[in-house]
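Using the working numbering, the letters of the sequence shown correspond one by one to residues 3 to 334.
These are computed hints drawn from the structure, not numbers from a lab. Cβ coordinates follow ideal geometry from the N, Cα and C atoms, glycine included. Please note: incorrect hints may appear among the correct ones.
Pair ranges (Cβ atoms, derived) [said to hold, decoys possible]: (1) N111 / L323: 12 to 20 Å; (2) N309 / A228: 33 to 41 Å; (3) D238 / S23: 56 to 64 Å; (4) D167 / E257: 23 to 31 Å; (5) G271 / H229: 21 to 29 Å; (6) L133 / L18: 16 to 24 Å; (7) D167 / S20: 14 to 22 Å; (8) S23 / E178: 32 to 40 Å; (9) D174 / A228: 32 to 40 Å.
When the alpha-carbon atoms are kept at most 25 Å apart in a straight line, the in silico BS3-like pairs for lysine-lysine are as follows [claimed, not checked]: (10) K268 / K181; (11) K220 / K314; (12) K240 / K216; (13) K314 / K325; (14) K65 / K320; (15) K216 / K314; (16) K216 / K65; (17) K268 / K220; (18) K208 / K320; (19) K113 / K65; (20) K56 / K164; (21) K325 / K113; (22) K220 / K304; (23) K100 / K113; (24) K113 / K320; (25) K304 / K208; (26) K103 / K153; (27) K153 / K56; (28) K208 / K181; (29) K240 / K208; (30) K65 / K208; (31) K320 / K216; (32) K216 / K181; (33) K65 / K103; (34) K100 / K65; (35) K275 / K216; (36) K275 / K304; (37) K275 / K181; (38) K275 / K240; (39) K220 / K65; (40) K153 / K164.
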Amino acid sequence: MEDLYLQWPERVRNQLSSWGSISLDVRPRSIVFCGMGGSGVIGDYVYMLSYRIKGYPPVIVVKDYRLPGFVGAEDLVFIISYSGNTLETLACFHEALKRTKNIVIVASNGKLIEEAEEKNIPYILIPQNLLPRTALPDMLYAILGVLDSSKLSIVTLDEARKALDFLASVLDQIVEEAKVIAEHFYNRIPVITVSTSFYGLGIRAKNEFNENAKVPVKVEVVPEWAHNDIVGWEGDSKYPWSVLVIHSVDDNVSELLMEFAENYYKQIGLPVKTLILSGTNILEKLLYGSLILGLASVYLAKMYNVNPVETKSITQYKNMLHKISRELDRVG
3 MEDLYLQWPE RVRNQLSSWG SISLDVRPRS IVFCGMGGSG VIGDYVYMLS YRIKGYPPVI
63 VVKDYRLPGF VGAEDLVFII SYSGNTLETL ACFHEALKRT KNIVIVASNG KLIEEAEEKN
123 IPYILIPQNL LPRTALPDML YAILGVLDSS KLSIVTLDEA RKALDFLASV LDQIVEEAKV
183 IAEHFYNRIP VITVSTSFYG LGIRAKNEFN ENAKVPVKVE VVPEWAHNDI VGWEGDSKYP
243 WSVLVIHSVD DNVSELLMEF AENYYKQIGL PVKTLILSGT NILEKLLYGS LILGLASVYL
303 AKMYNVNPVE TKSITQYKNM LHKISRELDR VG
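Could you put the whole structure together from the sequences, leaning on the hints where they help?
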């Protein structure tokens, strides 16, 4: 599984030839991203990338089987499911069909692609034989290309290329950093602390350690952390927590807040490791952090002697969901 992460730079570079293969003539009121798990995090990343662009349409992330009530003809909806068969996402898709013509599908196969071809809905095919969580850059770049060619750009083709070049140039550093983080979390409960601007990276990291290493993870987001979570540490905790503070070197205020959080954890006696996100822009920092944390979760799985690929409980959930699939499509 480690190889599926290490292939990121070269695998995605091969797809850049199809950058912007879909161009939309739409000026949406909002851009809605529907997806679950490793596919759902793509919406979080687009949200982070667009967060500071003045005048950009609001980005709404939906990790559910229902669309928000406001979604209508003026909105653009991306339906993302690596397998193409995620039932919650299919339910959102069927609901979106009733409300807007502005739909784009991103999948590797499955019912979503079948229905896209039947209904003449634009779609992007992602390479097969990957795990959804390892296909993050494939799905992200597919969507960034659509946005760029549709005059809704948050990342240009040149920036996308440079980000992959950067990632390839620091691959050895990424591997070493990932191993250190895995050691830091071994036999402890991970606490991942991030700034609001990179909250989606914290969620992504949690999901990676949940699925690959089979461990529970707590995510704390600064500055909101300082208005509630911080008080939770005042009691005597008997749990073996271990903290990772992710510094994005975003701006001076953000750094001061993250330094306060880091010092607070140390003050109360928790083991703390810092991860400084390298890169010249948000995309580079996101890819850098995502690859480190993904690899770290695989290395931690090896240390625990667990299979990072297998997700028995998710299979159990999906089996239940199939039994109520008809109900899902009736909800909207």
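We went through each hint and held it up to the structure:
| no. | hint | result |
| --- | --- | --- |
| 1 | N111 / L323: 12 to 20 Å | holds (19 Å) |
| 2 | N309 / A228: 33 to 41 Å | holds (38 Å) |
| 3 | D238 / S23: 56 to 64 Å | holds (57 Å) |
| 4 | D167 / E257: 23 to 31 Å | holds (27 Å) |
| 5 | G271 / H229: 21 to 29 Å | holds (22 Å) |
| 6 | L133 / L18: 16 to 24 Å | holds (22 Å) |
| 7 | D167 / S20: 14 to 22 Å | holds (19 Å) |
| 8 | S23 / E178: 32 to 40 Å | holds (37 Å) |
| 9 | D174 / A228: 32 to 40 Å | holds (36 Å) |
| 10 | K268 / K181 | holds (22 Å) |
| 11 | K220 / K314 | holds (21 Å) |
| 12 | K240 / K216 | holds (21 Å) |
| 13 | K314 / K325 | holds (17 Å) |
| 14 | K65 / K320 | holds (15 Å) |
| 15 | K216 / K314 | holds (10 Å) |
| 16 | K216 / K65 | holds (21 Å) |
| 17 | K268 / K220 | holds (17 Å) |
| 18 | K208 / K320 | holds (21 Å) |
| 19 | K113 / K65 | holds (19 Å) |
| 20 | K56 / K164 | holds (24 Å) |
| 21 | K325 / K113 | holds (17 Å) |
| 22 | K220 / K304 | holds (21 Å) |
| 23 | K100 / K113 | holds (18 Å) |
| 24 | K113 / K320 | holds (16 Å) |
| 25 | K304 / K208 | holds (17 Å) |
| 26 | K103 / K153 | holds (18 Å) |
| 27 | K153 / K56 | holds (14 Å) |
| 28 | K208 / K181 | holds (17 Å) |
| 29 | K240 / K208 | holds (21 Å) |
| 30 | K65 / K208 | holds (16 Å) |
| 31 | K320 / K216 | holds (18 Å) |
| 32 | K216 / K181 | holds (17 Å) |
| 33 | K65 / K103 | holds (21 Å) |
| 34 | K100 / K65 | holds (19 Å) |
| 35 | K275 / K216 | holds (21 Å) |
| 36 | K275 / K304 | holds (20 Å) |
| 37 | K275 / K181 | holds (12 Å) |
| 38 | K275 / K240 | holds (20 Å) |
| 39 | K220 / K65 | holds (19 Å) |
| 40 | K153 / K164 | holds (20 Å) |
Against the hints set out earlier in the document, no violation occurs for any number.
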